[in-house]
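Visitor: For chain A, the structure is supplied; the task is to place chain B on it using the hints.
What follows is the residue order along each chain.
2 protein chains.
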Amino acid sequence: MPERKKIGIFFFDEMEEPDAVGPWEVLRWWTLHFPDDGYDVVSFSRTDTMVRCARGLRVTADTSMSELGDLEVLMYPGGRGTRAHLLDAPLLDWLRRQRPNTPLMTSVCTGSLVYAAAGLLKGRPATTHWASLELLGEIDPSVLVDADARFVDDGDVVTSAGVSAGIDMALHLVARLVSIERARQVRRGIQYDPAPPV
Amino acid sequence: MPERKKIGIFFFDEMEEPDAVGPWEVLRWWTLHFPDDGYDVVSFSRTDTMVRCARGLRVTADTSMSELGDLEVLMYPGGRGTRAHLLDAPLLDWLRRQRPNTPLMTSVCTGSLVYAAAGLLKGRPATTHWASLELLGEIDPSVLVDADARFVDDGDVVTSAGVSAGIDMALHLVARLVSIERARQVRRGIQYDPAPPV
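Order-wise, the sequence lines are chains A and B. If you read the first sequence in my numbering, its first letter stands for residue 1, the second for the next number, and so on. If you read the second sequence in my numbering, its first letter stands for residue 1, the second for the next number, and so on.
Source of the hints: derived by calculation from the structure; they are not laboratory data. Check the hints yourself; a few may be wrong.
Derived list of chain B stretches under chain A, where covered just means 3 residues or more per stretch with a C-beta under 8 Å from a C-beta of chain A [unchecked claim]:
#1 12-19
#2 27-34
#3 51-61
#4 157-165
#5 176-186
Where a beta carbon is used, it is the ideal one built from N, C-alpha and C, also for glycine.
One chain only, chain A, in its complex shape (with noise of 0.2 Å):
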């Protein structure tokens, strides 16, 4: 039988609720129902397994991350939080620590900034929440940003726009890692026919 991937997702403190919460619906109803797939979502945090998001949500997060192991994929969301970590060499660090064993390094919103911190995206094409997209060039000039794009799939590292874009950067991942096909399944089990009435 072979090994089971895994795909973590980050909990920490003031990270924007759906940031996190929309790919981990998507990726846990497709890992959920189609076991067969050979993918786990977790959800780890840093020590605390209890974080409180940056819309006051407090979340529990599956496991720390000195009993995650290796990944598959790495999901970073957004949110405020992400700020302290531009400053936070042992998280950079972690970040760069993880690269070499991590096929697929993913952002929601502003965590492509903690990525672009930590060098991961020189002179690669990358976004972020519209409101950051000129921190992301200042923090690392060589990134190539994309003003327009609801995700950007750069090979081993994908980022998404701000905040609700995760929900379609994580049924791009499904289709990417087993096929169109089942990310139309979870689209369609998670009733995602969007139509902002605004």
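Guide: Same frame as chain A, but now just chain B:
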């Protein structure tokens, strides 16, 4: 100073994560950025404040049912946890007691099944997750089941279709309670320009 109005989102075991967190984000983004609009959003649970969602996420509510006080708006998420609620007499009684004092009762996904079981949808138009449309009509054959709507606004009760439809309904609520312009500000804030890739 006028009394602040409270929007309560019910958290319960086996609720579908985005049913609660999608509207939570929309409504909290609004109330935290525009406190002068006079609304607050609070999450509440029945007794234990930590609940385990349908896809395994653990979230902790702000308060419990007994501490909640009167609501202006009640929001009832869906998820497989609602199945047990359909036969839960004390919970259905609680819902019926809320009705006369709650100007607006809203539901996401299969939350409307519980409203139907409580007798709150008699002879009224409503919707639910696509896979539960038939069940909604079985619970109360007088319900005018709308199979096509993203959400149904019937005055003092608003029901939405499955899972991600709660985001659209929540934006509609902001437009209704304040203004279309306010709802557009929230939509822009969370970059809700959905573009499903599959």
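Visitor: Each hint should be assessed against the structure and marked as holding or not.
Guide: Against the structure, the hints:
1. 12-19: Per the Cβ count (3), the hint holds.
2. 27-34: holds (count 3)
3. 51-61: holds (count 6)
4. 157-165: Holds, because 5 residues of the segment 157-165 of chain B bring their Cβ atoms closer than 8 Å to Cβ atoms of chain A.
5. 176-186: holds (count 3)
Figure legend: structure checked against the earlier numbered hints; every hint is met.
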